[in-house]
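Each chain, letter by letter, is given below.
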Amino acid sequence: MDLAHGVQLVSFGILAAIAIVAALGVVLLQNIVYSAFLLGGVFASMAGMYLLLNGDFVAAAQLIIYVGAVNVLILFGIMLVNKQQDFPAIKGMWIRKGATALVGAGLLVLLAGTIVTTPWAISTATPTGDGSTLKIGEHFFSDFLLPFELASVLLLIAMVGAIVLARREFVPEDTPTTEEELAFKLPERPRETAAIAGGSQTSPE
Amino acid sequence: MDVVTLASQLNAGTIIPEGIVTLTLLVVLVGDLIAGRKSASWLPYVAIVGLLGAIAALFVQWNGTSDTIAFLGAFNGDALSIVFRGIVVLSTIITVLVSISYVRQSGTSLSEFLSILLAATIGGMFLCGASELVTVFIALETLSIASYLMTGYTKGDVRSNEAALKYLLIGAASSAVFLYGASLLYGLAGGETQLDRIGIALSQIETPAIAPVVALVFVICGIAFKLSAAPFHQWTPDVYEGSPTPVVAFLSVGSKAAGFAFAVRMLVTAFGSLTEQWHFIFAALAVLSMILGNAVALAQTSMKRLLAYSSIAQAGFVLIGLIAGTESGYASVIFYLFAYLFMNLGGFACVILFSLRTGTDRISDYAGLYQKDPLLTLTLSICLLSLGGIPPFVGFFGKIYLFWAGWQAELYGLVLLGLITSVISIYYYIRVVKMMVVKEPHEMSETVKNYPEVSWNLPGMRPLQVGIVLALVATSLVGILANPPIDLAKASVQRSPILQASISPAKEVAVSRFAPVQSSEFRVQN
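Taken in sequence, the protein lines are chains A and B. If you're matching positions, the first sequence starts at 1 in my numbering and goes up one per residue. If you're matching positions, the second sequence starts at 1 in my numbering and goes up one per residue.
Think of the hints as simulated: they come from the structure by calculation, not from any bench. Ideal placement from N, C-alpha and C gives every residue a C-beta, glycine not left out. There's no promise every hint is true.
[Said to hold, decoys possible] Calculated pairs, DSBU-like style, for lysine-lysine (alpha carbon to alpha carbon, straight line, at most 35 Å):
id, chain 1, residue 1, chain 2, residue 2
1, B, Lys-166, A, Lys-97
2, B, Lys-166, A, Lys-83
3, B, Lys-439, B, Lys-449
4, B, Lys-490, B, Lys-372
5, B, Lys-490, B, Lys-439
6, A, Lys-83, B, Lys-155
7, B, Lys-155, B, Lys-166
8, B, Lys-155, B, Lys-449
9, B, Lys-449, B, Lys-434
10, A, Lys-91, B, Lys-166
11, B, Lys-38, B, Lys-372
12, B, Lys-166, B, Lys-434
[Unchecked claim] Computed footprint of chain A on chain B, listed as stretches where at least three residues anywhere in the stretch have a Cβ under 8 Å from a Cβ of chain A:
id, region
13, 68 to 74
14, 113 to 120
15, 125 to 138
16, 186 to 199
[As the list claims (entries may be wrong)] Counterexamples of contact, computed for chain B against chain A with all Cβ distances above 10 Å:
id, residue
17, Val-60
18, Met-435
19, Val-437
20, Val-466
Work out the full structure, taking the sequences as your base and the hints as a guide.
Here's what the structure looks like:
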């Protein structure tokens, strides 16, 4: 084992340890702010993994998008809500936690077994190394052109939807005046508010 | 790569229908920006004209080109995808017709609703033809995110918020599971993302490996969520009850049809060598959906929840055709979805109209409706009877075709279960019909006693009437004139190379390994 391999192995070990510990912290810690910061740690160590795999563009994208945008957004969300609430302890919570842990562990064993036993078809193409950005660009404008263009529709509609959700609703200008229009009630609205006031979960599952 | 040769290889003409819908989406958005609030009077008609244009483009494609692979394998515009895309667009047209007055009355803006609906349509259409993992995922997400947004569109309504949040969380989880399955496929195929190449790679795995099965299960999680097949149905009742009714109409038909197209293409092309396994999993899903959907629907008091459980059960019936895996099996899936389009949308159009006039959707409030509104009663009765599978209507022929195809494929247990559960389903459908028709005048519910004068001249009501009459005519006449749509469904199966490749060698296990190879040969010939 030469020096390069050794460095790679050690860095992988460190990154993997950070990722696992941080991910466990995200799930297990009670304080949501800690969870959010640790999530950033998971994302950053993932970026490190991409770097080890020679994916420099993907690593940069991971840092900018996930750590820089998504995680900061989550933190902003937490800060804006800023609600301190002590939930009452639920009886028999340990059963649920135990069951969750059991299912999670089972899934881990299954997936790990899958990964170890499978004869993976390793790609024979030579790694692009520094030219990966160029290569990704070429793919975007050849065989991944359709999803690339379709993503623009997705982003457009996500933006429109975000604005719809965030904006303050106008009161309709044309209030019903005629006899006929007054006959129309707002669909299903008055009933819900009544239902919520009197305990909503009455309808059978 | 040279730009000119690249442009000629793209074969971009295949996505002209989607292009037309995208253009319509932009016209609706920009038209609203320029004309302001007044534009609400003409924007829906722009959307309908655009969607009709897409139908026309699909029709031209049906008769036209033989080269269906576009964007270097990312999209396959074969006959199968054309039929499914047609179903998605038709469902959007009817949804637009029935949503105009609803959105007006709920005090939300129409243009954003239309543009989100059109984006969902674009996502659904691309999902019908996507034959490459990245395209599949982006199309799926376009459809899903637009659906989440529409579900939560009436912000002032707490139930709509709850429905949107539930749908978003469960949908995101199922997308993530699907994505994990897709990443396993990518690894198993040695870095291929096109479905047919993944199929070849999977068929070449010698030893019985567990990884393809894990990938299959994860992919089916993503598919079954879109189909709302049990046990991936938990979101359905709450989302159907909480979200605006026109949205539910689209989700129950358009989104489901796109899900079926996606299921057929994904499973037949990529998992051709695991046919037995996915037939087994889908048989379990079909059994659960038919039993659970029909049994729980018996206890419902809300019309929208009733239709939610009914839609779970209907997904179970359609899965029988998919499991049959024969030519008539796939054709019956297409024909049933075509029938389901009209009868279910007709049912939802009536629920919308009733809730607009009375503000309620409880089944007991429908009592004695026939004396006040004969058209509504007639359409809702015919649509529900058709959903239940009562003879002269289209649903009966659809179900017969499905069960016949299943029987031919020797799925006796599933077909018998389907027959028994559809008898159960007739009970809860007829209960609603009885409530509307049989009750004496003095048994009329308070809501119906206060029923407003029927008037179609109010803004937005004329399109709703057109939608209702369209569904009524189609539900009652297509049953009698069933041949053209059945021929269309059969022709689409016969003309789709991916299905032909999976049908012919399916009986012999030894040959099935070469099925994906054969499919690529078919592609060259076409």
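message: Would the hint linking Lys-83 (chain A) and Lys-155 (chain B) be met if the CA-CA limit is 35 Å?
response: 22 Å, holds
message: Using a Cβ cutoff of 8 Å, are there at least 3 residues of the region 186 to 199 of chain B near chain A, or does the coverage claim fail?
response: With 5 residues in contact (Cβ-Cβ under 8 Å with chain A), the coverage given for the region 186 to 199 of chain B holds.
message: Check the hint pairing Lys-439 (chain B) with Lys-449 (chain B) against an upper bound of 35 Å on the C-alpha distance.
response: Holds, at about 13 Å.
- prompt: Can the restraint linking Lys-166 (chain B) and Lys-97 (chain A) be considered satisfied, given a maximum Cα separation of 35 Å?
  reply: OK: Lys-166 (chain B) and Lys-97 (chain A) at ~22 Å, within 35 Å.
task: Given the hint that Lys-490 (chain B) pairs with Lys-439 (chain B), test it: the Cα-Cα distance must not exceed 35 Å.
output: 43 Å, violated
message: Can you confirm whether chain A covers the region 125 to 138 of chain B, using C-beta to C-beta distances below 8 Å and requiring at least three such residues?
response: holds (count 6)
message: Tell me if the straight-line CA distance from Lys-166 (chain B) to Lys-83 (chain A) falls inside 35 Å.
response: 21 Å, holds
message: Please verify whether Lys-449 (chain B) and Lys-434 (chain B) have alpha carbons no more than 35 Å apart.
response: 17 Å, holds
message: Is the listed coverage of the region 113 to 120 of chain B by chain A valid when you require three or more residues with a beta carbon under 8 Å from a beta carbon of that chain?
response: Answer holds; 3 residues pass the 8 Å Cβ test.
query: Would the least Cβ to Cβ distance between Val-437 (chain B) and chain A come out above 10 Å?
result: 24 Å, holds
query: Does the structure keep Lys-166 (chain B) and Lys-434 (chain B) at a Cα separation of 35 Å or less?
result: 34 Å, holds
- prompt: Going by Cβ atoms, does Val-466 (chain B) stay more than 10 Å from chain A at every point?
  reply: At about 19 Å from chain A, Val-466 (chain B) clears the 10 Å cut-off, so the statement holds.
In this structure, the hints that do not hold are numbers 4, 5, in rising order.
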